[in-house]
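Make one complex out of these two single chains by using the hints.
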Amino acid sequence: MLKFTLRRLAYVPVSLLFVSAVLFTVLRLTGNPIDTYLDINRTDEQVAALTKRLHLDQSLPVQFLIYLKDVLSGDFGQSLQFGEPAIHVVLERAGASIQLVTAALLIAAIIGILAGMACAVFKDKLPDFLISTLAVAAQSMPSFWLGILLIQFFAVQLRWLPTSGRGGWENLVLPAFTLAAYLLPNIILITRTSMLETLREQFVVTAIAKGLSGRQVLFRHALPNALNPIISFIGLQIGRLMGGAIITETIFAWPGIGRLMIGSIFQRDVPVVIAGVLIVSVVIVVANLAVDILLSINDPRIRLD
Amino acid sequence: MTPATDHELSPVLRKQDAPLLRVENLSVAFHTRNGLVRAIEEVSFEVPAGKVLGIVGESGSGKSVTALSLLRLIPSEIAEISSGSVWFGGRDLTRLSERELRRIRGREIAMIFQEPMTSLNPIASVGAQLREPMQLHLGMKAAEASRRVEELLDLVGIPQPRKRMTQYPHELSGGMRQRVMIAMALSCEPKLLIADEPTTALDVTTQAQILDLLRSLQSRLGLSIILITHDLGVVAQFADNVQVMYAGRAIEQAAVAEIFRQPAHPYTEGLLKIVADLEAECGRLSSIEGTVPAPHELPPGCAFAPRCPRSDTACTASPPPLSPISPGRRCACVRPVGFPQFRASA
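Note that the protein sequences, when read in sequence, are chains R and H. Under my numbering, the first residue of the first sequence carries the number 1, and numbering increases by one thereafter. Under my numbering, the first residue of the second sequence carries the number 1, and numbering increases by one thereafter.
Extracted from the complex, chain H is given alone in its bound form (with noise of 0.2 Å):
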């Protein structure tokens, strides 16, 4: 992974070869007792083959819902894909038809959870939710299936697999339940992993472990991955690609070394500020002003503008669109930092 030339041959305007998944003005709307309400507006960002987005904001940007979506793991009646296209090999999957759409969950785009606590049945042993996925996937029978699982627990680093087989996710820890998740998740060999902030619940050290073997299995299996997430270190780290999210819209789009090295919307600006003091160690934090706006209450303007520190009337308008401002990057912003010859047309 090197960074750099990535750049040169960005994939979100490398158009020759097609991505492995392509969202196009994806909007998801959540019904509510006061009608309908927009959890995320119009996002659009590409996954090429054997890469990693990383999808950062914080709670409630609309992260985990784009994830979700995807899928369509969000159950109609709490929320619906009110408008755009999620295209993977060729298809369509907003519009394709419940039973299409289980032949690609878990087989070619597979997903792990935040909380590993919870995502795994506590009544039904490590070995049989494994299993689960081959045998209705690939038509494997329990006796092959279960020498496969052998092999994942083994791939996911998981001592000693015949035993923890038999256990059950209670006599697990949370590392080893997020390694089974993932194991669970490989299983049908997926295209696309969709990990939805997979660190958040563990703490640091196993942290660090479930990335390095994420990262290990990414690169050796040549896997897709969309990691969501809070953690800009997470980011920089692991991502090829960074989409930054801001009240239920893309606000920056761009190649990981990129966005370090010279963040063009304000938000993202002042969330590399935070890391950077935290790294620095210095006295007092920097922090953003004010909170997200919920979904019901956004501006008329860009969501980021009541705390941008460069707002001015410009801003409150009209949502900016994400056009682009250099070779491979896109920003929401009408006055971006850094990139003062860029003026959008908003």
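Extracted from the complex, chain R is given alone in its bound form (with noise of 0.2 Å):
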């Protein structure tokens, strides 16, 4: 188990060296930097200043060692919008932005497991055509329309929880519960499919012949052997929703990476473009990480290969 984790712990600096070169490149390959930090009324001392502060008179080689080693020290430059360190903006948000997606996967993971055993358990009966068709309609229906009603809801009309803005745990309720409702969906249908495959398995009839409730059979037989691609598709949704979540975050005004990476494109603001891709790289590689420990807490057989 530890040989497992410390071996899978080696890929992470080749996976984050691999991002910082292809970040490097794309950079590059985007034109002059000099056209992207100064406006058309630019001074030549200006350009001398840059050129000798972003390296630019350095052959190719050197400027990519030079940029990795402030990448390393997490010296990403002024960002040109708040005038404080890009990594310090970036960071703040990001934090922001782990905050809501834990949140909305927690949400999603507990009710969209046990409402896909319910559907597996009562495969073509009732609550699985109930499940279903909920799932299909909360799919269908897009997060910003969601978050408004929500908002109209439980903030306008009946006063419970803020509109929108970041602060204690009542402004996490709504805006985790729209985004884990575009989750929930894949969630259920993952684990209705998964769970009918593991009920058909032979150690199931085992299990019950042994004495077991059906609860028993269900929650300690089956769910475990059911979890493994529910386990890696939360994973990969970790990404996804760290960056993605922009719809989410703006009708919330929840301060997170998604919305702050897109002003930031918007206003040129390149330290925190790429102090934001990192970190969001980060995060990603930290989360495939901590789903390869899991599926492997989980299953013993993973550990073998």
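These are computed hints drawn from the structure, not numbers from a lab. Note that CB positions come from ideal geometry on N, CA and C, so glycine has one too. All the pointers check out, no bait thrown in.
To give an idea of the chain H side of the interface with chain R (calculated C-beta under 7 Å), a few residues:
1) 105
2) 106
3) 115
4) 133
Okay, structure coming up:
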């Protein structure tokens, strides 16, 4: 188990080095950085100063090494919009995103797995039909619309929860549920399929023949065996949602990294974009590592490969 | 085990002491697109305490359905017990609530299956799976159950039990896994063990070891066993009594020695002939022409009649009932082999 974890850990720096290299290449491919940083009314002194600061007078390999050194020390330069170090801006927003995504994934996983199990147990009966129908309806409901409906009902009419912004847990509820609703249908369907497959296995009959109750068979024997595709799916979503929950972030004025990135791209705030891409990459790589470790804890056969 | 004297006291007719398990007219039907289809029909048998009943038949004869139905292990949306009773300890298992039945499963009646490769939970350790029935039924704490698991693994001939407990099923061979299944089945000291083709998926040497193990445990623990198999050789070695099944019906019941001396049903005779040919290693194997009819296309009369060398018009009217032909023997045939004096009133 320890050996497995260490081997997987070794991939982390390799992945991050690869991401850094791609990022550097893309930045240099998209044109002269001077044009990105400075507008049309620039002076020659400004150009000379920036050239020196960005080491553009050096050869590309040297530039890459300097860039790597900066990345490793967390120095991405000053944000052009905020006038503070880009890494500070990004880390603060990344924290908000991680909070939102974690809450949404937890909600979606708990509800989705339970609902998916109910579908599998009552296959082709009323609960299966109802849950599947609701799942399809939820999937076809866009986030911006669901978000607005939730705000209208829980914040404006009932006044239970704030409409937007970030603060205590009550600010988190509505955006987290909105984001969870987007994930829920997939988790339900994956759980349903995986459970149906597992329930046909011979060891389920063995478990019943031992004298276990239906619930014990489901939760002790069937669910752990059906869990792997669900864990993998949830792991993939962390990456997608970290930078991609822009609609939800916008509706609820949630200061997440997705909105920051979009804004920074339009503002040509290159240091923030670089820092943002790298931080999102770190989160994705760490999430994948966590998924691998979780899978191997759940299923001892995975440790062997 | 001396089958010759067993015959005189044949359990089938020995009414004075109640058998451990008595199955009466059990019928099971599967739900299919074309409605209900009978998988087993009016099957009756008894298992006396401490004895081994072998149930023999080809694939599709209903022997596994019989075994699974005793503990109601076929989900109700797939099949239902349409009639009959399963008497065990004064209770009819077909009428117990699910909760009452759970107290019998694994504790008083345990079961092992054909596929040791898939019968164990692949992601739970051997120790955890073995502890589970004892924690459930006997209220043991984990530490106490672990000590008992060690004893059980030792009992079923698994070396280094402490190490094996921490391993997972994929780290064990097929024979080892079947030993683990046996240890699990015996953990709560059940009165009856149902073994559904326990050696079919194993190679020949392992088969012999598992059978030896089952036999020694049976005599040491005074266990009753229902052994489902398609292998007459296994029955000959191991069982006290035999029930032969064909197309969902019991067609012959007898003590083992009797059936091998003189099979009564033409189907049993055909099966034994194949075994005899195999043992004599003569050039050509005999076979029974044709195949077992599917449950939804059974003929109106005896299901074996279309393949039977002795069949005549009397066989096609209605299925012959399982009737006594001599003390301790029953046969469902209007013209049983070697019993010319007997003519069923079918």
